[in-house]
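Fit chains B, C, D, E and F to the known structure of chain A by using the hints.
Chains as they are written, first to last, in the numbering used here: chain A, 4 to 284; chain B, 4 to 284; chain C, 4 to 284; chain D, 4 to 284; chain E, 4 to 284; chain F, 4 to 284.
Keep in mind that a hint or two might mislead.
Where chains are identical, the list cannot tell them apart; a pair therefore holds if satisfied intra-copy or between any two copies.
Result set (EDC-like, lysine to aspartate or glutamate): computed pairs, CA atoms no more than 16 Å apart in a straight line [claimed, not checked]:
{"id": "1", "residue 1": "Lys-130", "residue 2": "Asp-80"}
{"id": "2", "residue 1": "Lys-170", "residue 2": "Asp-221"}
{"id": "3", "residue 1": "Lys-130", "residue 2": "Asp-261"}
{"id": "4", "residue 1": "Lys-130", "residue 2": "Glu-257"}
{"id": "5", "residue 1": "Lys-196", "residue 2": "Asp-216"}
{"id": "6", "residue 1": "Lys-138", "residue 2": "Asp-276"}
{"id": "7", "residue 1": "Lys-138", "residue 2": "Asp-21"}
{"id": "8", "residue 1": "Lys-48", "residue 2": "Glu-208"}
{"id": "9", "residue 1": "Lys-170", "residue 2": "Asp-216"}
{"id": "10", "residue 1": "Lys-48", "residue 2": "Glu-84"}
{"id": "11", "residue 1": "Lys-48", "residue 2": "Glu-257"}
{"id": "12", "residue 1": "Lys-71", "residue 2": "Glu-60"}
These are computed hints drawn from the structure, not numbers from a lab.
6 protein chains.
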Amino acid sequence: MVPLDLGRIQEILRIALDEDLGTGDVTSLATIPPQSLAVARYTTKQPLVVSGLPVVEHLALMVDSTLKFRYLSSDGDSVNEGVPLAELSGSARSILATERVTLNMLQRMCGIATQTSAFVRRVAGTKAKVIDTRKTVPGLRLLDKYAVACGGATNHRMGLYDAVLIKNNHLAFHSTLTETVNMARGSIAGTMKIEVEVSNLNQLEEAILAGADVVLLDNFSVELTRQAVAQSRGRVPLESSGGITLENIRGYAEAGVDRISVGALTHSVQAADIHLRVTPS
Amino acid sequence: MVPLDLGRIQEILRIALDEDLGTGDVTSLATIPPQSLAVARYTTKQPLVVSGLPVVEHLALMVDSTLKFRYLSSDGDSVNEGVPLAELSGSARSILATERVTLNMLQRMCGIATQTSAFVRRVAGTKAKVIDTRKTVPGLRLLDKYAVACGGATNHRMGLYDAVLIKNNHLAFHSTLTETVNMARGSIAGTMKIEVEVSNLNQLEEAILAGADVVLLDNFSVELTRQAVAQSRGRVPLESSGGITLENIRGYAEAGVDRISVGALTHSVQAADIHLRVTPS
Amino acid sequence: MVPLDLGRIQEILRIALDEDLGTGDVTSLATIPPQSLAVARYTTKQPLVVSGLPVVEHLALMVDSTLKFRYLSSDGDSVNEGVPLAELSGSARSILATERVTLNMLQRMCGIATQTSAFVRRVAGTKAKVIDTRKTVPGLRLLDKYAVACGGATNHRMGLYDAVLIKNNHLAFHSTLTETVNMARGSIAGTMKIEVEVSNLNQLEEAILAGADVVLLDNFSVELTRQAVAQSRGRVPLESSGGITLENIRGYAEAGVDRISVGALTHSVQAADIHLRVTPS
Amino acid sequence: MVPLDLGRIQEILRIALDEDLGTGDVTSLATIPPQSLAVARYTTKQPLVVSGLPVVEHLALMVDSTLKFRYLSSDGDSVNEGVPLAELSGSARSILATERVTLNMLQRMCGIATQTSAFVRRVAGTKAKVIDTRKTVPGLRLLDKYAVACGGATNHRMGLYDAVLIKNNHLAFHSTLTETVNMARGSIAGTMKIEVEVSNLNQLEEAILAGADVVLLDNFSVELTRQAVAQSRGRVPLESSGGITLENIRGYAEAGVDRISVGALTHSVQAADIHLRVTPS
Amino acid sequence: MVPLDLGRIQEILRIALDEDLGTGDVTSLATIPPQSLAVARYTTKQPLVVSGLPVVEHLALMVDSTLKFRYLSSDGDSVNEGVPLAELSGSARSILATERVTLNMLQRMCGIATQTSAFVRRVAGTKAKVIDTRKTVPGLRLLDKYAVACGGATNHRMGLYDAVLIKNNHLAFHSTLTETVNMARGSIAGTMKIEVEVSNLNQLEEAILAGADVVLLDNFSVELTRQAVAQSRGRVPLESSGGITLENIRGYAEAGVDRISVGALTHSVQAADIHLRVTPS
Amino acid sequence: MVPLDLGRIQEILRIALDEDLGTGDVTSLATIPPQSLAVARYTTKQPLVVSGLPVVEHLALMVDSTLKFRYLSSDGDSVNEGVPLAELSGSARSILATERVTLNMLQRMCGIATQTSAFVRRVAGTKAKVIDTRKTVPGLRLLDKYAVACGGATNHRMGLYDAVLIKNNHLAFHSTLTETVNMARGSIAGTMKIEVEVSNLNQLEEAILAGADVVLLDNFSVELTRQAVAQSRGRVPLESSGGITLENIRGYAEAGVDRISVGALTHSVQAADIHLRVTPS
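Pulled out of the complex, with its shape left as it was, chain A reads as follows (with noise of 0.2 Å):
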């Protein structure tokens, strides 16, 4: 599981407390005594895959720098129904300040790792690697691709600047395929591969031929897959994408690509139901 830098978040973080705190937790200031103590559990209440604690804890420490939390799992775990997954103790203000935007994060992050666990599991025992998309929600592309990690899929690239990937749009400019990525070619840096997107089995070949060091098969169907995996002979990577769902992804699994990426992973986010229990203390 690729770790997370959590100085790479700091903006999103602060902006994610300011817009839930403003000029201050009315409720809190106005019924809680500012000396009242109080202990705090995230608990699950479904089965889940955990991704998110160290965002949770930083929240916290953020709002308030003598807050405690302890780990009670660690992401990555796959866990039941009614598991703490971690403790917070402290100023009561303080937690409560902290629960909302708390629980969002940690229910999105574990609703992506819960999810993507069950489409890696749909893929067990084939070469396929399950991996990522950029349909990320705005702001939050390094936790969401995080928690992806969390559930044992990989990662695609980041963003635009960190891998070249030629689709149709990009040809679109262009006499041929074979031209576009030679123009490629002649201006990337050493270290980058080049993945060109092709719609059908010609364009295949040209990839192939035009030397794509990765080549992605755009809305095949698994029959075609399979054309295209023989037809490839393993001379590049194939991964499969569009319209992947957790009903089709085994049949292009056996069909032989070596990677499946998934929109669904990030864009159509169920959050898991996790409860934070406040306790007086």
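The following block gives chains B, C, D, E and F in isolation, referenced to the frame of chain A:
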């Protein structure tokens, strides 16, 4: 429909662009000639309620202020599959640079508006208003809530700072609900209402007598909600909350409450299916 | 007294330090040896109500986290001339770097609290609460309002976003006050009260019948205020506003209003006289 | 009059708008139709010296770049009661959104300029220049100092970084004033003058002999100031500072000093009375 | 030549202006009348390769959006001494405010491009590409690398995030190079190549067998480089790195490597001699 | 040596880290186990004057506050080849993440200090001080100037805001130099000196008579400089500027000027050769 003040969300839009563009779109820079022009259309691939077009326009102009954006529909419209929502024209590189970020935003916002609209239709003919919660994606509070408004529902408080909502977690630090309400009233601004969350009919009565301005019925069954409405005799507006689904919302509405809050409007969003077709011009 | 969340004012504190320190305190760097230590005391040179000590502590630690700050009094205290409020010790250079910014802040905040306290004492024994306005110094809204709270008054709304106040400028766009109130009620969150500003007794009646939650009597004389109180018969809380001074506030309070808002609490502040004496140690 | 570089104060203006607008002006959004237009005039309700109109224009355009701002007077003008200073026209919602922030800024700045002008008139006919101090409101240093310049006085240093001023607090770390001055001269840039604060005539002599470029007479009486002027015989420019009021400033000026610094210009400001009348158009 | 996305470098440009302008250009404000106009020309005082004109234009417009900038040459051009590169016209104060920052930037960028061009010419006729490193000035990575591209060389990775380069420091934590490469391949995105740095011919062989996509020959002599080329037999692209100078680069190129990385392109830059002559107009 | 206030350079340090780390160091994350520890030493590979160790420490702790930094030398020290300057220990991943950014900074700063020291040694025994200019790398003004101070020279003004320097470009807008100086004196703060740049002996005389506090001899030959010194007879400090090199600086110093400014100290920097060796521990 509540308007959206784009000036209030500049920071998150910039982050969204930064995380995708990073040091630049290496593929387009390497394969699209700088003078190339294109036209692109955001087109629906499912029936949906539109939300987010001004955000898309703003994002596109942030990337390149010479792009032209043309509205072909308006936020709040209900449209069918295959309908063009907007058109973007100008530099091909700039259009491709905005493609994923604008789609990610538009698909989420239309997804929220569409789902919200389904909830609103279920309570048609009753006096109940559908309202949202603070269970939004970190960083997107204003956008999520605006999308809810596009779907025909009403916004609840924006954050912890603009309304008082006394919950179990606050009551736990006091001997009685009445004492908690009185303490709150003593320090908050006179412009704020006090909403109190109750778990049973006794608490409901105590809240009304303590002078709560609104009462939230937390996880009441439809039957218990009916009793609460009867007992309160219009002395205070009532809000149902907790476990509301498309299946059961009509029951709560017919029980006679004034408002029904639905976390799922924003915490578990199905991205709407929208396509961007780019054509050289 | 409403607590102050220092996390909410980081940006303005940083700007305040930056504008004074710029690229560094050339005098201290040139004349104070780096290892020099000092002790400094903030001492009153007039009787005053204390406000701002946690802000002073925070500013000092932002400049140098190794400084030690000791409270010798508390925000909200009424103290005489010649009283030490707090002590700062550690690096002489760091103490001198913070001197002017901390004094500027403390003198303004104590000035506000002291003047507020005078207004509050004038209405003692009546039911009227003294409240503040949005006439604060740009950038210091939260600090100005916190200082008002230290002086014993109550805060009105924080900004345009957390309360509805319908004024002449809004009515001017509608044919009737009733229409304006109804339009507002249709779109705002159910947690917000509606306050309406009225200019005469007819408008007062219309506002009450339209369901205003609070009514602001704009520039009413004391005599007219008495009539307004009589006419409203407790149907709605009343707020006096406009031209309130130390001389006339008692008259308004005795007329029977619930709240009196005073712009001068924050728009015209006399800095309290406080001294920082620095001693090498 | 020193010009104001608006580019240098963007951050504080944005904060000022943010703290008032927050997530949006709920009243205007709820009661003013989006297409409504209005005209608004900033009009004086007292005689005053104008300062801050370019800031008002800039704030208004930050909120809505389609607003039109028309100058009806200029910064530095002395105007009577009832005079329109400027006109703002365009979207009614946008005008109302800027009303309070622009008035707060304009009233403070005109208040400073007006008070400064009174001090300047008191020393007319003498060679003394009135100068300001660093006793400004945190965050508004540049604006406060610009308003002082509009009032006809001269700015002293902007902060700790752009001038050397050796005070008692620095002398306390050295055995002699001469040693302190020499130490400073050894390390500062050759473009900076050295100003030294003295408490008595002996120190004055030592400062002159040590080569101070300017001497500040700290809390000298008018009589002692006369003696200092006689003793210095023009060898160095002299500055009076400490406890200067409208009542006693003429005495210091006639004693023959070159400059008189007045903290009250900025630390205790009476907001000027200015009104914004908004008319639908 | 790779294009520069100015939107990606806004922050460093703002800092560059802020550090020079601070609270304003006191000399110009004090000596140039506000309405004065001027024309200024950036003119070469040595032969050079142009780089940075769009950055100069952008900086100038950030200071004053009414300035007019006219290109008299283009980035990438080779020009002689005495050639005007661009012309700036408009407010004299604004032009003087931008003079030093724009010259500092332009002189550095042209210096890099010019030096790069010399390296590129030395390898003409061989297959070797000259590439840059991460040895750039802190904060100017994108600009330094863009200037390298203007000089005709190719960019290597932008940072630690967009490519894998396994060096001695990584190998030190593993028993074999093969193990290290395998571990890397297991977790990185499939779009990334793996480059491995080797110190001798044995490591070269191990790297090739382990499946490295590129091999970096660290501090190899020209003779050893020749042997490496022979041994690798085209199985993998080879990069020379370490101690490359104008004197020895041809030797490496003729040895047959594919790429040669040169730290000196950016870590030791001779500013190009460019003059800005300002004429009142 | 002028001290460095690290609080003033936080933003550029963060940018420097961000541009290198981006979304994370993919190589270390993929090949170094998270618990691995290491020790690293910054060691010289040439004789040099040290500058920047506190910046290296600060950068390292920004990346990981648990790293330990140990000083083995001090800024300002002259050291030989092969000398360890500092030691960094702790998480191997964190150390590798800081390697390039800290080396880039340290190599530049030591390069500046070393070159500056060479210039300073050339003028030993004369009264001339070596001073720097504003020809620094954009964004690094404070660090470049601090490195100059480490090398034994004196800083000139920091920017356009903290000193007055009247150049040809200002004179061009006036009929006489005297008029320009008088205009400047009328509006600047009394704490600022006025420096005037002159091109010949006539202008020198006019500048002295106009009361310039310092005169800059722009591009004077050594012979002409001698004449200027003779003519000025100590009436004003003189500064030589323009075309100063290691070869000719002694001539200027012996001609008798007070200061010599050298742009090459910072605009054309040879990075010092320093190595970071990382050892697992």
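These are the hints, each one checked on the structure:
Within a single copy, Lys-130 and Asp-80 get their C-alpha atoms no closer than 23 Å, and across copies no closer than 46 Å, so neither meets the 16 Å cut-off. When the C-alpha separation of Lys-170 and Asp-221 is checked against a cutoff of 16 Å, the pair qualifies only within one copy, where the shortest distance is 9 Å, while the shortest distance between copies is 36 Å. Taking the shortest Cα distances, Lys-130 and Asp-261 sit within 16 Å of each other inside one copy (6 Å), while across copies they are farther apart (33 Å). In this homomeric assembly, Lys-130 and Glu-257 come within 16 Å of each other (Cα to Cα) only inside a single copy, at 8 Å, whereas the closest approach across copies is 43 Å.
In the homo-oligomer, the alpha carbons of Lys-196 and Asp-216 lie at most 16 Å apart both inside one protomer (6 Å) and across protomers (9 Å), since each shortest distance falls under that limit. In the homo-oligomer, the alpha carbons of Lys-138 and Asp-276 lie at most 16 Å apart only across protomers (12 Å), although the nearest pairing inside one protomer, at 23 Å, exceeds that limit. Taking the closest pair of Cα atoms, Lys-138 and Asp-21 come within 16 Å of each other only across two copies (15 Å); inside a single copy the shortest separation is 25 Å, beyond that limit. For the identical chains of this complex, Lys-48 and Glu-208 are neighbours neither inside a copy (50 Å) nor across copies (30 Å), given an alpha-carbon limit of 16 Å.
Within a single copy, Lys-170 and Asp-216 get their C-alpha atoms as close as 14 Å, which meets the 16 Å cut-off; across copies the closest is 24 Å, which misses it. For the identical chains of this complex, Lys-48 and Glu-84 are intra-copy neighbours only, at 5 Å inside a copy versus 37 Å across copies, given an alpha-carbon limit of 16 Å. In this assembly of identical chains, Lys-48 and Glu-257 lie within 16 Å of each other by CA distance neither inside one copy nor across copies; the values are 34 Å within and 29 Å between. Only within a single protomer do Lys-71 and Glu-60 lie at most 16 Å apart by alpha-carbon distance; the minimum there is 9 Å, versus 23 Å between protomers.
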